[in-house]
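Q: Heads up, the final residue of the sequence shown is numbered 303 in our numbering, and it's a clean run with no missing numbers.
No wet-lab data here; the hints were simulated from the structure.
Positions of the beta carbon are idealized from the N, C-alpha and C atoms, including for glycine.
Do not rely on the hints blindly, as some may be mistaken.
[Stated by the list, open to error] Derived CB-CB ranges, DEER-like:
id: 1; residue 1: 217; residue 2: 149; range: 25 to 33 Å
id: 2; residue 1: 44; residue 2: 123; range: 20 to 28 Å
id: 3; residue 1: 303; residue 2: 26; range: 30 to 38 Å
id: 4; residue 1: 81; residue 2: 241; range: 25 to 33 Å
id: 5; residue 1: 217; residue 2: 29; range: 48 to 56 Å
id: 6; residue 1: 215; residue 2: 268; range: 49 to 57 Å
id: 7; residue 1: 210; residue 2: 125; range: 50 to 58 Å
[Stated by the list, open to error] Quick list of in silico lysine-lysine cross-link-like pairs, DSS-like style, CA-CA up to 27 Å:
id: 8; residue 1: 225; residue 2: 289
id: 9; residue 1: 120; residue 2: 228
id: 10; residue 1: 238; residue 2: 225
id: 11; residue 1: 243; residue 2: 181
id: 12; residue 1: 228; residue 2: 133
id: 13; residue 1: 10; residue 2: 87
id: 14; residue 1: 225; residue 2: 120
id: 15; residue 1: 6; residue 2: 133
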Amino acid sequence: MKKEVEKIEETSAYPHKSLEKIEEDRIVFLSKYRRQNNFKFFVAILCITAVFVAFLFVPGMVGKKNPELANALTIIICVVFLGGGLAYSILVRKYMEKSMHRYFNAYFSNVNDFVFGAKQYTDVVLQDPGKITMEEFNEARLYKDVVSTNSRALTTFKFNKVEMSIVEASGNIRRADKRVVPVFVGKEIRGKAKYEGDEQIVVYLKGNDRSLPPTNVEGLEKVEETSEYYIATNSKSYKKVLTKEILAKIKAIKTNKLLVDVAISIHSGKVFVMMGYDDPLMVLPLQAVFDSKPTEAYKKDLVKVCELVEALGK
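Given these sequences and hints, build the entire structure.
A: See the structure below:
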């Protein structure tokens, strides 16, 4: 642990104290995680050894004179050690779940301190437990046949006094071979839109081979498509919504290796922006030293998306 701290101090290039705090918290949690795993392994070996010794030696030591007592002692030793080992395992699991929950909350709190540090962000609140329902996920109408969702770190905030929210989420489908696979993994930003029509307007910014395009747009007409994006809608007035100003803001959002794609859905007075991100941002740091560059890139992406959501609400 000391060597890890020294390495960080020598190579530290974090642009913000909150990002440094993430790395400090990671080291503390990893140390606790390893210590508990090692001790849990020791307890398991101890229990197995005790049971083995009970079966091997107790009958020989007591069995000749009192077989019934030998059997009873063997059973008692097995029950005590196996039951104790199981109870300890359950307690450790609950303890680590609480520790991990605190670690996750601290991580997202520090990320928010960095990402929402600019003056245009106000009233930033990290929710706890910070989840959305599958119905809320499906409200974007971008992915069909979703059988389960996962979410965390729901955060409400205002951008230039406009209310918005963001959550890390994934949506999953069940394939024909019964395997559950994701159709979206990333950040979902939502806000209010001036367009109140029920006819959905979808804009998809294409990405690389890791991208997961919307799966619920078959019934929509592709009214415009380029190598970078397409627009799909049955609305006859979509150009009044996707003005030159709005399209310019959409095109300013650039997909890359980290931001693999972006799907935008506008309908019923709401706008949903699904930002598909790759593992370097979505997987919380544990074994490896925290790399802040993906978070720094996400901060820049979010400003562009919030500017888009703000403009769509005017």
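Q: Does each hint fit the structure? Answer for all of them.
A: Going down the list of hints, with the structure as the test:
{"no.": "1", "hint": "217 x 149: 25 to 33 Å", "result": "holds, 27 Å"}
{"no.": "2", "hint": "44 x 123: 20 to 28 Å", "result": "violated, 50 Å"}
{"no.": "3", "hint": "303 x 26: 30 to 38 Å", "result": "violated, 53 Å"}
{"no.": "4", "hint": "81 x 241: 25 to 33 Å", "result": "violated, 49 Å"}
{"no.": "5", "hint": "217 x 29: 48 to 56 Å", "result": "holds, 51 Å"}
{"no.": "6", "hint": "215 x 268: 49 to 57 Å", "result": "violated, 28 Å"}
{"no.": "7", "hint": "210 x 125: 50 to 58 Å", "result": "violated, 27 Å"}
{"no.": "8", "hint": "225 x 289", "result": "violated, 33 Å"}
{"no.": "9", "hint": "120 x 228", "result": "violated, 34 Å"}
{"no.": "10", "hint": "238 x 225", "result": "holds, 22 Å"}
{"no.": "11", "hint": "243 x 181", "result": "holds, 23 Å"}
{"no.": "12", "hint": "228 x 133", "result": "holds, 26 Å"}
{"no.": "13", "hint": "10 x 87", "result": "holds, 19 Å"}
{"no.": "14", "hint": "225 x 120", "result": "violated, 35 Å"}
{"no.": "15", "hint": "6 x 133", "result": "violated, 41 Å"}
When the structure is compared with the earlier hints, violations turn up for hints 2, 3, 4, 6, 7, 8, 9, 14 and 15 and for no others.
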